[in-house]
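Going by full-length UniProt numbering, the first residue of the sequence shown is number 1, and it counts up by one from there.
Careful: at least some of the hints might be erroneous.
[Said to hold, decoys possible] Restricting the straight-line Cα-Cα distance to at most 30 Å, the calculated cross-link-like pairs of lysine-lysine (DSS-like) are:
no., residue 1, residue 2
1, 340, 91
2, 340, 53
3, 483, 91
4, 53, 151
5, 91, 53
[To be verified] Okay, the calculated beta carbon distance ranges per label pair:
no., residue 1, residue 2, range
6, 188, 330, 40 to 50 Å
7, 373, 50, 35 to 45 Å
8, 25, 434, 43 to 53 Å
Just so you know, these hints were derived from the structure itself, not from any lab. In this text, a Cβ means the ideal position worked out from N, Cα and C, and glycines have one as well.
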Amino acid sequence: MTVSPANDTDPAGEEAAPGGPARPGLLLLFLCLADLMVVLDATIVNVALPSMKSGLGMTQTDLQWVVNGYALLFGGFLMLGGKLGDLFGRKRLFLIGVVMFTVASVVNGFAESSLVLIVGRCLQGVAGALIAPTGLSIINTSFKDTSMRTKALGAWGTIAAAGGALGLLLGGVLSSALSWHWIFFINLPVGLVVLLGSRLIPDSRERGENPSVDYVGAVTLTGGLLLLVLALSHGQSWGWTSARLLGTVATALLLLAAFLVASVRSRSPIVRLGIFRIRTLAVADLVLLMLTSGIFSMFFFSSLYLQDVLEYSPIRAGLAFLPAAIGVMVGATLAQPVVKRLGPVAVGSAGLVVGAAGMLFLARLPVEGDYAGGLLPGLLTLSIGLGLAFVPVTLLATSGVPEEDAGLASGLYQTVQEIGGAIGLAVLSALAVRRAAAELDGSSAADTASQVAAQVAGFRTAFLGGAVALLAGAVVLAALLRKRHVDPVMEQAANSEAQPA
């Protein structure tokens with residue numbers, strides 16, 4: 001392909017506008033709607049599980065796979081989805097993912113057996129692994145203007161941070177007002193709207209006639225990530241020292257080691273290892289690992305506190321998380337203009353510290369407390385901090401990379417979120433269980449009040465661990481990134497903004 005002197009195409013063959021797409025608002029809306037489907041479906045089923053169990057006669061194992069089947073396939077295929085978008089076209093892979101996700105949602109809605117529902121959830125996970133990284137890379141390659149890109153990443157980060165709470169709320173409302181089938185049917189109109197707006201999504205062309213794929217690397221990476229997420233998700237139930245868990249982890253590590261060998265030998269690896277030399281990306285992904293390991297516990301343990309201790313109904317518990325979603329939006333909105341003035345490191349570190357303060361407040365939850373005075377202040381503080389942190393961390397993790405690696409960087413970003421959440425929930429759950437057992441002092445015949453008090457003590461320990469993770473992220477971000485590291489990222493964005501049409 002011949003590139004004109006005006007340089008109106010990027011090296012990857014993407015059509016680029018000097019400051020961004022012609023209709024940026026609508027493009028961002030369609031991309032974020034698709035991502036919202038993916039994020040919501042990670043939590044929307046949780047409130048509806050009892051209805052599914054009675055309606056389809058499901059076992060406890062079946063219910064676990066309704067949740068874990070989605071998470072496993074999503075986390076396992078993210079890296080591959082991002083790289084395939086780079087090779088074969090981001091728009092193409094994004095739309096394939098939207099179609100797959102919508103069709104799988106309809107299948108789930110009409111499911112009359114647990115097998116169909118579980119298979120449909122697994123298909124949703126694979127489809128989500130195509131949508132999430134390609135959608136994020138489309139934002140990074142389409143929004144050239146610094147301010148526009150920050151706002152777009154702010155919207156994307158808001159969905160990532162607030163989507164879990166919205167999923168709990170929407171799941172409670174739909175399953176209570178209609179039936180559990182509608183938590184899947186709701187994706188049909190959303191998917192159709194995204195497909196109708198597909199003409200606004202910039203296209204990307206293949207680099208060469210026959211893009212090569214490192215199939216060995218693809219299989220070993222995907223298999224290793226699948227097994228790693230599986231082990232982390234089931235550590236508590238299997239036992240952290242069980243042969244089953246240790247064997248799964250060992251197999252995962254062997255596959256990931258084989259992937260590294262394949263990447264070194266391949267001419268076109270799934271993950272170009274040189275991308276980790278980009279300091280901003282490497283540090284931001286490390287910080288994101290700490291951030292997500294801390295916040296996933298917030299949703300999990302707060303939900304248990306609301307329903308087990310305060311005795312909230314599922315729909316009331318979902319509504320209780322609405323202020324958290326609003327807080328994330330407020331924090332992300334505040335971050336967007338400040339990042340350009342103070343820089344992503346200062347804003348990101350401040351957001352992590354504010355989030356840690358919210359976690360520390362939650363670590364003081366009383367046994368006989370209430371929502372307004374006990375849980376709400378901590379949720380609001382934490383959620384505002386998350387909004388402040390997600391925008392700059394997302395900017396650092398996905399910007400400043402070559403155009404041909406945009407999907408790879410986005411895949412890394414999404415994968416780190418999944419792995420971080422799984423690690424955090426596994427570790428903090430183990431700490432909570434151990435603290436609760438210590439409170440009971442090994443007594444299995446304790447009265448109900450003592451059991452509740454021990455459970456809340458476990459929650460406090462988990463929240464304290466989450467606060468430590470967020471503070472560690474703030475220290476790492478401030479210590480490992482200096483102005484000289486961040487300047488190339490901001491300058492690249494400024495150069496893209498000044499590029500002539």
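Satisfaction of the hinted span 35 to 45 Å by the C-beta atoms belonging to residue 373 and residue 50: violated, 30 Å
Holds or violated: residue 340 to residue 91, with C-alpha atoms at most 30 Å apart: With a Cα-Cα distance of about 29 Å, the restraint between residue 340 and residue 91 holds, given a limit of 30 Å.
Agreement of residue 340 and residue 53 with the hint, judged by alpha carbon distance not exceeding 30 Å: Violated - the C-alpha atoms of residue 53 and residue 340 are around 50 Å apart, more than 30 Å.
Proposed proximity, residue 53 with residue 91 (alpha carbon, max 30 Å): violated, 38 Å
Pair hint outcome, residue 483 versus residue 91 [Cα-Cα no greater than 30 Å]: violated, 34 Å
Residue 25 versus residue 434 beta-carbon gap, inside 43 to 53 Å or not: holds, 49 Å
Outcome for the supplied range 40 to 50 Å, where the beta carbon pair is residue 188 and residue 330: Violated - the Cβ-Cβ distance for residue 188 and residue 330, about 31 Å, lies outside 40 to 50 Å.
Given pair status - residue 151, residue 53, alpha carbons within 30 Å: This hinted pair is violated, its Cα atoms lying about 42 Å apart.
Hints 2, 3, 4, 5, 6 and 7 from the earlier list are contradicted by this structure; the remaining hints agree with it.
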